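These protein sequence lines are chains A, B, C and D, in that order.
First residue of the first sequence: 1, per my numbering; consecutive thereafter.
First residue of the second sequence: 1, per my numbering; consecutive thereafter.
First residue of the third sequence: 1, per my numbering; consecutive thereafter.
First residue of the fourth sequence: 1, per my numbering; consecutive thereafter.
Worth flagging that the hints you see were computed from the coordinates, not collected in a lab.
Hints may be right or wrong, so weigh each one.
[To be verified] Straight-line C-alpha distance at most 25 Å; calculated BS3-like pairs for lysine-lysine:
#	chain 1	residue 1	chain 2	residue 2
1	C	283	C	23
2	C	209	D	151
3	D	36	D	209
4	B	152	B	181
5	C	303	C	209
6	D	209	C	151
7	D	36	D	284
8	D	203	D	303
9	D	23	D	204
10	C	283	C	203
11	D	23	D	203
12	D	209	D	303
13	C	204	C	23
14	A	181	A	16
15	C	204	D	151
16	D	203	C	203
17	D	151	C	151
18	D	209	D	151
19	D	283	D	303
20	C	283	C	303
21	A	152	A	16
22	A	16	A	253
23	C	203	C	284
24	D	23	C	209
25	C	151	D	283
26	B	16	D	151
27	C	209	A	16
Quick caveat, the model's predicted, so the values are computed rather than measured.
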Amino acid sequence: MPEVDLLQAVNMALTKAMETDDRVIVLGEDVGVDGGVFRATNGLIERFGAERVRDTPLSEAGITGLSVGLAAQDFRPVLEIQFMGFIYPAIDQIINHASRLRNRTRGRLTCPMVLRAPFGGGIHAPEHHSESTEAMFAHIPGLRVVIPSSPKRAYGLLLAAIENPDPVVFLEPKRIYHVQKENVEDDGKALPLDRCFVLREGSDITLITWGAMIVETLAGADQLAEDGVSAEVIDVATLTPLDTDTIFSSVEKTGRCVIVHEAARTGGFGGEIAARLAEDGLLSLLAPVKRVTGYDTVIPMPRLEHHYMPSLDRILTAAREVLEYS
Amino acid sequence: MPEVDLLQAVNMALTKAMETDDRVIVLGEDVGVDGGVFRATNGLIERFGAERVRDTPLSEAGITGLSVGLAAQDFRPVLEIQFMGFIYPAIDQIINHASRLRNRTRGRLTCPMVLRAPFGGGIHAPEHHSESTEAMFAHIPGLRVVIPSSPKRAYGLLLAAIENPDPVVFLEPKRIYHVQKENVEDDGKALPLDRCFVLREGSDITLITWGAMIVETLAGADQLAEDGVSAEVIDVATLTPLDTDTIFSSVEKTGRCVIVHEAARTGGFGGEIAARLAEDGLLSLLAPVKRVTGYDTVIPMPRLEHHYMPSLDRILTAAREVLEYS
Amino acid sequence: MTDHRSLHNLEIGFTGILGADGKPIGELPEFASNHKQLIALYRAMVLTRRLDEQAVALQRTGRLGTYASSLGQEAVGVGVAAAMNNNDVLLPSFREQGAQLVRGVTMVEILRYWGGDERGSCFEGPKEDFPAAIPVGSQFPHATGVALAMKLRNEARAAVVVGGDGSTSKGDFYEALNLAGVWQLPVVFVISNNQWAISVSRKKQTAAKTLAQKALAVGIAGEQVDGNDVIAVRFVVERALERARAGQGPSLIEALTYRLSDHTTADDATRYRPDEEVSARWKKEPVSRLRTYLTDLGAWTGKDEETLLNESTVQVEEAVTAYLATPLPQAGEMFDHLFESLPSDLENQRKQVEELSREKTDA
Amino acid sequence: MTDHRSLHNLEIGFTGILGADGKPIGELPEFASNHKQLIALYRAMVLTRRLDEQAVALQRTGRLGTYASSLGQEAVGVGVAAAMNNNDVLLPSFREQGAQLVRGVTMVEILRYWGGDERGSCFEGPKEDFPAAIPVGSQFPHATGVALAMKLRNEARAAVVVGGDGSTSKGDFYEALNLAGVWQLPVVFVISNNQWAISVSRKKQTAAKTLAQKALAVGIAGEQVDGNDVIAVRFVVERALERARAGQGPSLIEALTYRLSDHTTADDATRYRPDEEVSARWKKEPVSRLRTYLTDLGAWTGKDEETLLNESTVQVEEAVTAYLATPLPQAGEMFDHLFESLPSDLENQRKQVEELSREKTDA
Ligand SMILES: Cc1ncc(C[n+]2csc(CCOP(=O)(O)OP(=O)(O)O)c2C)c(N)n1
Ligand SMILES: Cc1ncc(C[n+]2csc(CCOP(=O)(O)OP(=O)(O)O)c2C)c(N)n1
Ligand SMILES: [Mg+2]
Ligand SMILES: [Mg+2]
């Protein structure tokens, strides 16, 4: 069983999917000979050939629309957008077509495509390379937004996304491409796309997050444990459709909740979760919900970036505030 | 003082702005000779000429980027996107440039542009003509999202948006282009862009909404009054930056809150407001917050559209549920 | 040294076969010697026109939504679809009723679609054809994907995508054209240049003299055809399709036509174009042109015409009746095809919309 | 009738003045008789190369972020900027340090930008020039807006926008080109065709034989120039700018060059292109070509070269020192230029980020 990091797990899942189903086509800028700028598609072209692993022109709108056509013809395109900052020209095709082709044609045509993109900051990248705009996609009906936060979940969730008969935006937290290694069995087994993952059970407070912030959140849970506080940690993983059950049963138990994400606060997906709690979980809440998020400004370039990223300290402060209520 | 509807008020504001400031340039598809498909720009080309009122090629991404360049050169472009369903090719320019040009250049270049688009359903329009995706824009730092819901506010807020030194997405609720007439003084006075409007004061429950849903929400307040319930009605008007003060002081008073919007529920801007209440207003809440929204599906074509739109009934049901808590 | 290297293939061909007066001005293609085939084209154009007329009337009386008539442009849709094999795939704009009819989309389906019912895009006939594309130009990239699928499967099939003159200003058009060129995909791009994009004239859309020359930007074949000459349209599209299916790459065809109607039933074209322009164009419209030719040939009589008009009227009326009798969809259906199966997170919403609609019905 | 109407202006010119060996192969433009001007071009290219070298070194030692060197392409940036008037506006891609330097952006600003500091885009010099465009091709539409502003004000100025071969596949490029054409805007589009877009070769980008011919799609002038010949670049851009300023419309210029470096410091070009290709291209690089010409003319000596190299090194080192001494920005600055004045909704956030950063500093 290979010990792999998140990026390698993505590569493993792509390899497995291409092996298992020859309708899987990998495409995007530099995904071929170069193996992708992060190397997520490394080795695929050698193994599966240039017909199935396609370097595309620099044309995000075009290749997304092309993927819709391919998917409608029963292929399984897995499209890489190089950085999330370059995903925006693709939004028109995603919202106006990919996410509603099945609905528009009452099931006659479908769109089983996956759009992969690395996202998030904290790697000292140039301008426009550190976006976290998952909330924009999570507002699109007919679309699934999936974000892995460990090698195992990257493998299982990507396989699930590719097998899924509907479109999935699969966002990879590039800051943690290499932070953790796990033994990931290459068994082709998909993980469920309708479940949050409880990474740690606890009884005093629920910490909810996704993507790279899982690292600081788990560290927060560790620190809280030292204070004698038992924190439950939930990795949302599939933002939409949202598994409210897991979230609600946790908050019913703990009565307290902190939501952590890197994206800007206003309109971020943390708001949706907090709103659901305010609507249907209010009576379980012993304290206000807190969001620890990126600020409502453009994520700064590297010189100020670390001030922007939600830190362990901010998570702890929020958790402690919430714990003070009785 | 002319009695005008919301659409005419938009036209009045555009005329006034062009009169007052010759840096104001109106552009978009069919805004010239045709006066816009809804006639919002009617008469402008006759009055101000084809240099300042420009029919553009069918090119949403291009004309949005062009407007960024114009704005950086100290013009005041007011760009019409014909329907919100066609705004998506413009998102790349809005998020990657318009909203951050000032920040990227530390104030050297700025982007005082307004992007106007009619939005929302309920007018039996064809596919892709009934979108309400204001939440996607409200998540973009550096951008203002403004939505008028009466002729007076359309006039004053549009003037404010045009005068504003930063980019504004100005969304016009086309379902109520013609439902209400008001005497609007053509005095060139802008309304504030940082305030919610309390349309009706009340003490028992706060109803928060924006755009066309103002109609059903006010009707809801009327009905509640008949039951002896005093409802406060807030028109958010400027979604971002959000005037939380007005919202909080209302909910402090009433202890109850229903948020109404037409957009899909998950990731809609109602979630942000509910989240803020869950965070910083929880202790004022006597009951769960409720959202009455569009469903998490593609807004249906006309045959099913009326089932999708949040109705007076749904608003009343939610309000009554909230009022039951004691 | 300033050296003007002249490039290859920088000519744009133009094909016209019947003149505006119905007299041949060019060599007739082989299929034209078979009068039955010409009559089939004629019948399809007449039926399209009848359907358009009736649809506009339905809209005017509140029984249909906004409608985009193809009046004057029937030869483009009919010619394009007639050139296609059944197993090719059509990706139309929103003004290609003629093409859809020939492809086997039923009139009832077309009316349902414009009547505001998603079921109208669930074609019984051409199952792989795309529904009408409302966001202008967004269909072009889909066609490259469909064509790539065919190529990957080594099939002798092709995709045909239709857009308007206005659509050629969109990045989608260009990006798709470029993808088709670089991967030599089996796709034919047809531009129905009806001279107007709502109120924006062809000249205000681009400084290019022809839209066909946009092919040069991506190194593929481009040509013009008289879009009011159904024989010419079918001929050039057939030729382009043969090339595409044989692996000889994509083409761009600009069909020169004219929109004789308003943009849609929501439009008033007199606001932006002079009556004289329109009346001049009526003299070149496609239906009477082919009728004259067939009549001159002796292949079509006044009697045939009368029969056809009656038949078309009956056919359209039957379709209208069936359309008007369509049972309303159930409210819950708005969730039924969002995903393959409804995520549990949305079950409550589906339940709510169903309950509320039951209450309404009961009330 | 199939009538091949051949269209006008469907030729693409190519301009080269100095051959790869530094010998003139074409007529020299007037400015070239002024050796001072040629020396200025030469000095700017050498300085650019020195800066690039130093920037890559800084990145390798962790003192700069990812950096895109212009090694081998200096003639494009320098030639373009030298052709511009001060009051023209430059909209560069992310690889135009040469152009920026000539425009008056300081080396310290350039280093700050690539060092991850927004203040690097707050140029003291060319105040209207745009910052580097990272989303490929997104700068083209801005240039049309800048040009429209100039046109509306009746100024004899023009915008110059630079992008790579890869950028020509984006809809943004095409839509901007089309807008410029239809409105006859004073803008010059320069494509620095360095044959690669990261690992994707020029051939895989488009089937068009030249990128210059993309101008034909929108009815504007298009031409090629030897992009390793700074004299030729300056000459053709100057000519295009004169036309633009005189109201004679936009142009597209494809400058043929080659990226001798990796795509950026994050790239390893040996993964996708053979060493032989690169070494062959070294023989055509722009700096030694002009040096040979100047030397042959007797306008440049070994001593001059030595002095220049020393001077450039000193200049760059001074800039590096100033860059490294740049005080860090304050955390709160991330809010200071988001809006003209900070909305009250964000005051708390600004306060929080400031407090937390103070705590960090204190700790
Ligand atoms: C992306 C987009 N922008 C705007 C519109 C609104 N609109 C509908 S049709 C049309 C004009 C289309 O012109 P053309 O492509 O020439 O097609 P035609 O209507 O003439 O058939 C416009 C602007 C749209 N549907 N999609
Ligand atoms: C819209 C967009 N897509 C992808 C990228 C990632 N990327 C950065 S540079 C580059 C290649 C650009 O090639 P070209 O336009 O030829 O410019 P060059 O790098 O050769 O100067 C890519 C794909 C980007 N920055 N923007
Ligand atoms: Mg048209
Ligand atoms: Mg390049």
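**Prompt:** Which numbered hints does this structure break?
**Reply:** The structure conflicts with hints 3, 5, 8, 9, 11, 12, 13, 16, 17, 18, 22, 24, 25, 27, although it agrees with all the remaining ones.
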